[in-house]
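Asker: Using the hints, put the two chains back together into the complex; each one sits in its own frame.
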Amino acid sequence: MIKGIILPLTEKDIKSLKTGDNVLLSGTLYVARDAAHRKMIDALDRGEPLPFDIKGQTIYYMGPSPAPPGKVIGAAGPTTSVRMDAYTPKLLAKGLKGMIGKGVRSPEVKDAVKKYKAVYFAAVGGAGALISKTIIKSKVVAYPDLGPEAVLRLEVKDFPATVINDIFGGDLYIEGKKKYSLAQ
Amino acid sequence: MRSINAADITEAVANLFKQANYNLGADVLAALKKARKTEESPAGRDALDAILENTRIPAKENIPLCQDCGTAVVFLEVGQAVLIVKGDVSKAVNDGVQQAYKEGYLRKSMVIHPFSTRTNTGDNTPAVIHTTIVPGNKVKITVLPKGGGAENMAKLGMLLPVAGRQGVIDFVVKAVEQAWSNPCPPVIVGVGIGGTAEKAMEMAKHALIRKVGQPSPDKENAALEKDILHKVNNLGIGPMGYGGRITAFAVHVETFPAHITALPVAVNLQCHSARHRETVI
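For the protein sequence lines, the chains are G and F, in the order given. For the first sequence, counting from 1, position 111 maps to 111 in our numbering; every step adds exactly one. For the second sequence, counting from 1, position 39 maps to 39 in our numbering; every step adds exactly one.
Pulled out of the complex, with its shape left as it was, chain F reads as follows (with noise of 0.2 angstroms):
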């Protein structure tokens, strides 16, 4: 067993979270300048040139990269070999959050009771965790702030599996669409295939954590990624939706083994200020 103290993680959280709102990874920001290079359309460009000069300013005057410094997604890789000792690990997850958000002039935005008060928590608490226990004794920690009018965007499909890959093209592109110009594009489109409901969202969501524009290590879901790309570079929404051609970077696809009844089908979309950020404790 390996010791980890449970203020290494708000640490690290704290870190993780202050990086990603005022760092884009290198990843995001070549696709940045790809799309620029690529966009025909002269509204779409004059979008492009915003956001990337809007990427030199934050970290050098204390601003975010965005106003919406989004629900505080963290996924946590935990080692069976590791003990995490004086703590509770989602109290120290929560108390970095806290810590970023105040420290970091980065906006708290999240309300206490969704459809009633909508009150302030006053610190963007609580983070949403997604904890997985994995061989090994170390803890990976992964942050991704997670903007509201891109995630507002997600759509859940239940498919007959009749419908196979043709109904999971038609409902991923549907959904882009449907979105149009409100998740901030150009977008990455996080998809989840299999599982149940949740595990399909899960994976849409986790898709979006990976670098942008590798393509997944299975062939077919390569394949698949490479065509509802096209299709949805076809739709002509373009930067912020004001028309062109890249309506999205990139096109992420996880799948999990189904029942023999279903086709579960998640999207969940990353605006263009794709901000996450990993460690390795």
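Just chain G, with the same shape it has in the complex (with noise of 0.2 angstroms):
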């Protein structure tokens, strides 16, 4: 079953959510990969305020290609998660709640994800022009400079994701292969 979800996500959503679930987001989600981690991790170190009030809200690790005329957004699928890695814990300690992008995290984010109660979800790699179709606006936010890894803020519409981790230790990937896996 396909569970519909509002972003930014609540208390109960999160606690809702598990390991292996559909789910079709609709709302608000900030987009950010790793360059534009690194500078928010700075700023941060700077004492400085990110440039977008992070609490409660959902990254996607993503890097659009060119708008074409009349669209939104171009293609717009998720980016490999783990370059992300070495920065996640300090913006889940900071009220993050949501990720979404691909491939297995770290497990100093996993335990984060456990700790600060978010949830990691992906979408499907290769797929981004199938996903610019939910994406119904999109706006620069922070970090122009960066090109197409600037901070974009996306308003969503049933935007197809599968959680990996949940709030109670399960893992997609593993779950996923120990499943499958058969005698070598």
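Read the hints as simulated data drawn from the structure, not as lab findings. Glycine included, every Cβ here is placed at the ideal spot set by N, Cα and C. Heads up, a few of these hints could be off.
Here are the simulated BS3-like cross-link-like pairs (lysine-lysine), alpha carbons at most 30 angstroms apart as the crow flies [to be verified]: (1) K139(G) - K155(F); (2) K211(F) - K140(F); (3) K12(G) - K115(G); (4) K71(G) - K102(F); (5) K140(F) - K39(G); (6) K140(F) - K133(G); (7) K155(F) - K110(G); (8) K102(F) - K137(G); (9) K178(G) - K117(G); (10) K137(G) - K60(F); (11) K39(G) - K108(F).
Which stretches of chain F does chain G cover? Using the computed rule of at least three CB atoms under 8 angstroms from a CB of chain G, they are [claimed, not checked]: (12) 180–194; (13) 218–228.
What follows is a list of derived Cβ distance ranges for each label pair [as the list claims (entries may be wrong)]: (14) V134(F) - M1(G): 52 to 62 angstroms; (15) H113(F) - I41(G): 15 to 25 angstroms; (16) T117(F) - K3(G): 12 to 22 angstroms; (17) K90(G) - S3(F): 55 to 65 angstroms; (18) V141(G) - A222(F): 21 to 31 angstroms.
Answerer: Dropping the structure here:
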């Protein structure tokens, strides 16, 4: 069954989401990749505020292709999350509640997901054109100098995602592999 | 001698990169459909459905298949009886890349200095160009926009010769297992065995432009491809790493003689969005 979820995530949503759940997300997402993460962490280290209020928000790891005429955005699929791992626990400590990317996270991120009660979702990599259809608004909100790596605020409707890491310690990548692996 | 204008190379490269980023080859589409039929895992099937649906959008809407339009990798096979005139061949290729990425609304993903400033070059140049001189009076151009997620999972092993065939299998399977969900499986596993360190990796990359699943013309290599594919698909990683039977569409092996001390093995992974195109001028 596919659950519809309105962003930002509520505490109740986070408690109800379990590894393997398919969801359709609607509402506000912030977009940031590793270059933007580095700038955000540098800002925190200097005691400066983040370019947006991160409390309760969800970050999508993505760098779109340019919007063709008449479109909100170009292809907009997830990038590999591991590049954000070094920065993520600090952002979770600041109140980040959701992340969308693809690929396994570090043990430190998974521990922080449990500790700070957050959710890590995956979107289907390489389905960037399809995903772009669920993005109804896109605005650069910080670091425009980073080009395709700038921080964006998106409005999405029925953005498809799958829960990878939940607050209960579940991990779809580990569980899926275990379920389907055969003796070598 | 036959003269070819540098401008013709620019035009060909530009067209090829646009086509590659918008349309998958018939072989890749067939591999995806076959995977969808065979896959047992419901989550894996959902991922393949999304991937297949995605292939139906790009050309008509000017949105590329994937936002990662890749590093522009170009293979040039230049006939020795060809004279390239009215321009520099590397510049001709890079002009083609610049044109395609600008006109095709493709993402520019190259940064100037890899370990310091990392400022975007703004036009996805420079291309990585592999040139070989071959007999004949034609130029064959193959373009491979190579996404970062899969490329980052490449592995090189300088094995001891004693490791032998089993050592090669173990190394490749381990590389795919470690890559796990990151390279956007189902992948094509490019394997280069022999030569030197750089020769092995270049073969592993070149193996990715072969028609998906077409066995190596060398019988021993073809048998190795089959054995590795079996083991890779027993890993259980599945489409997008959600668990499943289809972790790889195919394994493509290329070999080259090696030094008496050496058994180099390189693994270069291609994501399911296996985009490449070729033409002959």
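Asker: If a hint holds in the structure, say so; if it does not, say that too.
Answerer: Now for the hints, and whether the structure bears them out:
{"no.": "1", "hint": "K139(G) - K155(F)", "result": "violated, 38 angstroms"}
{"no.": "2", "hint": "K211(F) - K140(F)", "result": "holds, 16 angstroms"}
{"no.": "3", "hint": "K12(G) - K115(G)", "result": "holds, 16 angstroms"}
{"no.": "4", "hint": "K71(G) - K102(F)", "result": "holds, 16 angstroms"}
{"no.": "5", "hint": "K140(F) - K39(G)", "result": "violated, 43 angstroms"}
{"no.": "6", "hint": "K140(F) - K133(G)", "result": "violated, 37 angstroms"}
{"no.": "7", "hint": "K155(F) - K110(G)", "result": "holds, 26 angstroms"}
{"no.": "8", "hint": "K102(F) - K137(G)", "result": "holds, 23 angstroms"}
{"no.": "9", "hint": "K178(G) - K117(G)", "result": "holds, 25 angstroms"}
{"no.": "10", "hint": "K137(G) - K60(F)", "result": "holds, 21 angstroms"}
{"no.": "11", "hint": "K39(G) - K108(F)", "result": "holds, 20 angstroms"}
{"no.": "12", "hint": "180–194", "result": "holds (count 4)"}
{"no.": "13", "hint": "218–228", "result": "violated (count 0)"}
{"no.": "14", "hint": "V134(F) - M1(G): 52 to 62 angstroms", "result": "holds, 57 angstroms"}
{"no.": "15", "hint": "H113(F) - I41(G): 15 to 25 angstroms", "result": "holds, 21 angstroms"}
{"no.": "16", "hint": "T117(F) - K3(G): 12 to 22 angstroms", "result": "violated, 43 angstroms"}
{"no.": "17", "hint": "K90(G) - S3(F): 55 to 65 angstroms", "result": "holds, 60 angstroms"}
{"no.": "18", "hint": "V141(G) - A222(F): 21 to 31 angstroms", "result": "violated, 53 angstroms"}
The structure is inconsistent with the numbered hints 1, 5, 6, 13, 16, 18, although it conforms to all the rest.
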